[in-house]
Amino acid sequence: MSDMTTDPLLAQITGPTPGQLLRRRIFGHQGLLIGAVVLALLVLVALFAPVLAPHDPYAQNLLERMQPPVFLGGTWNHPLGTDHLGRDYLSRLIYGARVSLLIGTIAALISGLIGTAMGVAAGYFGGRVDAVVTFLINVRLAMPVVLVALAVVAIMGGSLQVVIVVLGLLLWDRFAVVMRSSTLQVRGREYVAAARAVGCSTPRILLSEIMPNIVNNLIVVVTLEMAHAILLEAALSFLGLGVQPPTPSWGLMVSEGKNMMLFEPWMVLIPGAVLFVLVLAINLMGDGLRDVTAPENRS
Amino acid sequence: MLQFILKRLGLALLVALTVSIISFSLLFLSGDPAAAIGGETATDQDIEAIRVLYGFDRPLPVQYWDWLSSALAGDLGESYYFKLPVATLIVDRLQITMLLGVCGITFALLTAVPLGVVAAIRPNSFIDRLALFLSVAGQAMPSFWFGLILIVVFAIQLGWLPPSGTASAAHFVMPTIVLGYYAMPAIMRLTRAGMLDVLSSDYIRTARAKGAPEGRVLFKHALRNAIIPVVSLAAVQMGFMLGGSIVVESIFALHGAGYLAWESIARNDLPTVQALILVFSLFYIIFTFLSDVLNAWLDPRMRAG
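Here the protein sequences come in this chain order: S and P. Letter by letter, the first sequence follows residues 15 to 313 in the working numbering. Letter by letter, the second sequence follows residues 14 to 318 in the working numbering.
Pulled out of the complex, with its shape left as it was, chain S reads as follows (with noise of 0.2 Å):
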């Protein structure tokens, strides 16, 4: 250790970059680190699923029907089984990964939309826009989730793009409540009224003032908001109102597998524990961004 380290001015024109800190605080986490490898593994798993599974995901074959998986002592040709139609578990739980991945990141996109144009509309504008914003979150709000979205299900009838839709236009509440309170936070500074004062336009300040600044909360409601449409639409298909048949989501083969649950309880449980573990690694990925990127983070 020399002087010139020590000497804090010294260390301050030398220190490390912001974009260094960043670095630095992703690489020392490590929730963010296994959530995002766990997710990219399973990214590239619903990507490549037609050249990883072993089989087609709905070919039948009733000769093969409920074969355990190879740990409780099945063979190699279904390494975790088949189901009650004979279809092959493994191929299924990989397609399976396109069904929710797919859900998860086109629901949180229309939410995301809908909730960050809404709140940031009523931060930045406040006054009236702001109270019917408000009052519409707290609609919201009182609308029982699960319920609104079995109904609306069952009357459209039960497919991918409905349950999409439909929770896409369902979720937006945290959106709308996380983008309003960081807007309101931002919209004081200075560089948001040196903005105005050169006669920079409204869609502009917003777009290029206001949003570049209040991006990180919004990628850490995203990921908040796909692991909950994922289990939503989990939750959906279990209770037999959501992805409807053969199509193979994970909610859908744990409810197939309920009625096998007594003699062969693995069909409940591989699919669950699946589930459990993409929501899992996006929460860890969500809430390691939320430390990373944390102003209270920054020295």
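By construction, these hints were calculated from the structure, which means they are not laboratory data. One or more of the hints may lead you astray.
Stated by the list, open to error - Examples of chain S residues lying across from chain P (beta carbon under 10 Å, computed):
1) Leu-66
2) Phe-149
3) Asn-152
4) Leu-155
5) Met-157
6) Val-212
7) Leu-238
8) Leu-245
9) Trp-264
10) Val-268
11) Leu-283
12) Ala-287
13) Ala-295
14) Asn-297
15) Leu-298
Just so it is clear, the structure is predicted and the values come from calculations on it, not from any experiment. C-beta: ideal position from N, C-alpha, C; glycine also.
For this one, chain S is given, so just place chain P on it according to the hints.
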């Protein structure tokens, strides 16, 4: 204080009115409700007769007003499927759901608050890490899966608890745990954060400086203040739990309001569904209103907001 209550009450009523409009319009999302009631075998004349019988031929605002005014008088219409007044049906089924809700929130508070307190007293200890792990895992755990695992382990393998039904207190143990686990992570995190915040405040240092025993400092000075936001969160969670009861009641075959919701949705029994959405929302609105008032009463600073 009175002004605050009146303001919140007005807001709650307005929210309730909007929710009632939304749940009413759900009936017309399906297209023609008369055709839905008639079923696939109904002729055009049948459908027309049903339309007149149920009053679907009148203008929508008239129908809404009619529905709302009879709902206010306690008449929520008749169930298409059960052929019973919806209000009777719901009141009947709500008892189980309320019992389950109270058990669930009690379980959540009894486990989450002590864990949160210990985690805050000893940050980064084993208990703190365990609490953090439980809350992260709890948020990722699909409740229907958790319920089925409990059934496999405690009802099928060990045979300690009955898998489904409502005959005895033992039947409520697993549903209570599953429903309560739902609310635990949020309550625990808030307790821990509140305690940490309070423990670093000046009046705790003062209490310690004047020589107050540690137990007294923790429970009389710290917990009392840290618990205020937890009380209101518990009220809000109670409202959310009613929604969660749909999944829990269907797994454990508890014939409460949540199970009724699932049954009536699966059977296209729209008056019951509409009424249940309204009732569940009203419960949430009442719980949040009570929590606001409670908060304002416990913490005068809140009244300004």
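Status of each hint after checking the structure:
1. Hint status for Leu-66(S): violated, given a least beta-carbon distance of 24 Å to chain P, over 10 Å.
2. A hinted interface residue such as Phe-149(S) counts as satisfied when its beta carbon comes closer than 10 Å to some beta carbon of chain P; here the least separation is about 7 Å, so the hint holds.
3. At its closest, the beta carbon of Asn-152(S) sits 5 Å from a beta carbon of chain P; the interface hint therefore holds under the 10 Å criterion.
4. With a cut of 10 Å, the hint placing Leu-155(S) at the interface with chain P holds, because the nearest CB-to-CB distance is about 7 Å.
5. A cut of 10 Å between beta carbons decides the hint on Met-157(S): the least distance to chain P is about 6 Å, and the hint holds.
6. Hint status for Val-212(S) relative to chain P: violated, with the closest Cβ pair at about 35 Å, above 10 Å.
7. A distance limit of 10 Å between C-beta atoms decides the matter here; for Leu-238(S) the minimum to chain P is near 9 Å, and the interface restraint holds.
8. Hint on Leu-245(S) holds. Least Cβ distance to chain P is approximately 6 Å, under the 10 Å limit.
9. A cut of 10 Å between beta carbons decides the hint on Trp-264(S): the least distance to chain P is about 9 Å, and the hint holds.
10. Residue-level restraint check for Val-268(S) holds (minimum Cβ-Cβ distance to chain P is 6 Å; threshold 10 Å).
11. At about 7 Å, the closest approach between the beta carbon of Leu-283(S) and any beta carbon in chain P falls short of 10 Å, and the interface hint on this residue holds.
12. The criterion of a C-beta within 10 Å of any C-beta in chain P is met by Ala-287(S), whose closest approach is roughly 8 Å, and the hint holds.
13. Of the supplied interface hints, the one on Ala-295(S) holds, with its beta-carbon coming within about 8 Å of a beta-carbon of chain P, less than 10 Å.
14. Evaluation of the Asn-297(S) hint against chain P yields a held restraint, the C-beta minimum of about 5 Å falling below 10 Å.
15. Because the closest C-beta pair between Leu-298(S) and chain P is about 7 Å apart, less than 10 Å, the hint holds.
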